[in-house]
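Trainee: Required output: the full structure, derived from the provided sequences and hints.
If you count by mature numbering (1 follows the signal peptide of the UniProt record, and there is no 0), then the sequence shown holds residues -18 to -1, 1 to 205, one letter each, in order.
Read the hints as simulated data drawn from the structure, not as lab findings.
Below, computed lysine-lysine pairings styled on DSS-like, alpha-carbon distance capped at 25 Å:
| no. | residue 1 | residue 2 |
| --- | --- | --- |
| 1 | K67 | K127 |
| 2 | K62 | K80 |
| 3 | K127 | K80 |
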Amino acid sequence: MKLLMLMFGAVFVGHAFAVPSWLRLRDKDNTNVPIAANQVPAAEFASCLQQARWGRCEFYDCLERRFPCGARGYTRKISKHFCSKIDANYDSFDEFGKQWLNQTSICLVGHMQPIYESSSTSCLDIKIAGINAILDCNEGEVDGKDFCDFLDTNGDAYTSLMGMEEARLLIGLRDTRVFSSIISGAISCGVESLRETASSFSTSAFANSVNGFFNRISSYIWN
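Mentor: Here's what the structure looks like:
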C-alpha cells in the first residue's frame, strides 16, 4: 500500500506539470480589478484584528466585508470553507493534532491580516496571498514534530477533514504548487515510514489516510 502510494504521488505530480492548459485558464472568480476597502467602525476593525491574532474563522468574514469578492472568491470559497471544516472536525484530532491545527490556523490568518489592514487590493491578490499562506504554513513544526508526525497519529481525522469537496477546491485553484506540495510532503512522509517498516509491509492509519486523499484527487482529474 505504501509503495503504491509513493508511485501514485510521483505519477500525479508529473501529470499535473505535464498538463498545463487547464492550469493556465484565467480565473474569472478572482480578478485583478482593484477594490477600495470598505470603511468599518473602529471597534469592528479592532475586533477583526483580534480575531486574526487568534486565528479565528470570523476573521474571514471581516476580510470579505472589507474587500467583497463574493461566494466564489477565495475568501469565502477557500479560506472560510477550510477554516469552518477544521472547526467542525476539531474534536476528532488528538491533543497534538489540535495544537497543529491551532498553529496552522493562526499562520494562515496571519498571512491575510496585512491585506485586511490595507486600503485597497484585488480578489486576485487575496487569492495569491492565500496560496502563499498554504505553502508557508504547511512547513511548520509543533514541539519538534512535523507534518509526518501529525499524519501518523491523526490519519483518520485528516481523511475526514480532506474529503472530495476539499480535493476539488484545491485543484480548482489551478496552482500546481498547492497540491504538489501536499503530495510531495505526503510522499516524503511515506518514504520515512517505508524505512521504518520495510520488512513488514503493514499499513498504517497515516498511509491509508494519505492514499485515500490521493485517490479522491485522482478520481476528480481522470474520471
